[in-house]
Amino acid sequence: MKATFASFRSAGRSGLATIGAVVFGIGVLGIVVLGTSRALPQNEDTAARKNRKSTYAALAEAPEKARERTNPFEGDIQAVVAGGKLFEQHCADCHGRKAGGTRKGPSLLREKVRQATPGTMFWILTNGVVRRGMPVWSKLPEPERWQIVAFLQSLKLQPATSQLMKNSQSAEPARP
Amino acid sequence: MVARAIPKPIQQTFPGVVILVFSLLFCRSSLAQESPYIVTYDHYLEEPGSLEVEYFSTFGTQRGGNDFDAFWTEFEYGATAWWTTEFYVDGQTTFNDSTIFTGFRWENRFRLLQREHIVNPVLYIEYENTSGADKILKEVEGHDIESDYADSNAVLRKEHDHELELKLLLSSTFKGWNVAVNPIVTKNLLPSEPWEFAYAIGASRPLALKALPNRCNFCLENFIAGVEMYGGLGDTQSAGLHDTSHYLAPVVAWNLPSDWTFRLSSGFGLNDNSHRLLLRWGLSREFSSFGEMVGRLFRGRP
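Chains as they are written, first to last, in the working numbering: chain A, 1 to 176; chain B, 1 to 302.
Careful: at least some of the hints might be erroneous.
[Said to hold, decoys possible] Residues of chain A clear of chain B, computed beta-carbon distances all greater than 12 Å:
| hint | residue |
| --- | --- |
| 1 | G75 |
| 2 | L109 |
| 3 | P118 |
[What the hints assert, rightly or not] List of simulated lysine-lysine pairs, DSBU-like, C-alpha gap at most 35 Å:
| hint | chain 1 | residue 1 | chain 2 | residue 2 |
| --- | --- | --- | --- | --- |
| 4 | B | K210 | A | K65 |
| 5 | A | K156 | A | K65 |
| 6 | A | K112 | A | K65 |
| 7 | B | K175 | A | K98 |
| 8 | A | K98 | A | K65 |
| 9 | B | K175 | A | K112 |
| 10 | A | K98 | B | K210 |
| 11 | B | K175 | A | K156 |
| 12 | B | K175 | B | K210 |
| 13 | B | K210 | A | K112 |
| 14 | B | K210 | A | K156 |
| 15 | A | K65 | B | K175 |
| 16 | A | K98 | A | K156 |
[Claimed, not checked] For the chain B half of the interface with chain A, some residues (derived, Cβ under 10 Å), not all of them:
| hint | residue |
| --- | --- |
| 17 | D42 |
| 18 | H43 |
| 19 | E126 |
| 20 | R215 |
| 21 | E221 |
What the hints contain is simulated information worked out from the structure, not anything from laboratory work. None of the values given here were measured: they were computed from a predicted structure. We put the CB at the ideal spot given by N, CA and C, even for glycine.
Could you put together the complete structure from these sequences and hints?
Put into structure tokens, the structure is as follows:
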């Protein structure tokens, strides 16, 4: 009886420790989340504008050699469609499904981005703009990054691209 | 016996329940391109504002004792593009013995350089509060060897470890290949304990470098395969390979378009001090915009 009671007490302690650890962890995460989420509402527009401005400024930081690189998938419609899929999977959360920008990331339809060379876009995608919240995307293989650039380039011809994406999605086979 | 039956189901179902609750609560998610490593770290951090919930399990064989299944749940949050913070809850079941909670860990990873370089360094700092019965073997340090885990849980859990662990994560990606090297230094916070050394290295590559235009579960671009090797390197009192254990593990990750990632690793002990087999698997899901959602919740943003 005594042994059973001791064992029960030990199990109870273990359960309490689990709950304590979970509460501690959630507390720590909560502090980090609240502490690192963006500026307060009244400052938000100003902060977001400032952030976007400096994110666009990063386009000018691409080295000459990187800017001159050409997209190996230039004119490849399959690459544009694949790039659209990758964009939706990895980029749309911040830049918006139509690349028009969100609270988290700038629009990619702005003139500054449209005028950027494919090499510049590839460089930004590879290196990110870490200090402004854009992570590096070199974890995507180089051809996939070029596919995303092909999709971004195609946004210059937006109506045609939209139709292309629509056609591709309607022709999409059922998931295996 | 009755007492053991109470926490066991709770501890075993807890990670699954957590993942399910998060899945139901936060529908927005994004496809993660997760590396297949379970022990080694590359230099890629969690996307800012994203929360990744992960459950891992390690089945280990044990000579001179009972085999075990150690498990842990991770909550990984991208605080900024250069800082990721992660909280772990560990537990284990030793067959023919008991299921117990074995502690928690809090780790932080800091990207040191703004841009990509040939080798990219990330600083890793972890605090561990675990018992001697912790068997997740996420790191094999110092003179950790198989026989250290042979005792019963009742004996092992009497030991408490408060450790600080530092790693320098060095990683490079070229032509689809990722190579990562992690030198590890660990200090038990008791002054009498020595600094312990360890290593983890890994190499991996996606099975296809180009994406297909259509969404698919089984296309090669969704799979990343590789191999990792890890082990101890002694401590400040006796550095070197004697009385250390080492493992070689082929690994694979399957990044599903439905936002889940499945990882599998089969680690083989490379010497007599190592467990013969460490079979690991993990399931994770990433929830993007978690930070934004919490911000809205507490700050009343539109």
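(request) Please flag the earlier hints that this structure goes against, numbers listed from lowest up. (result) 19
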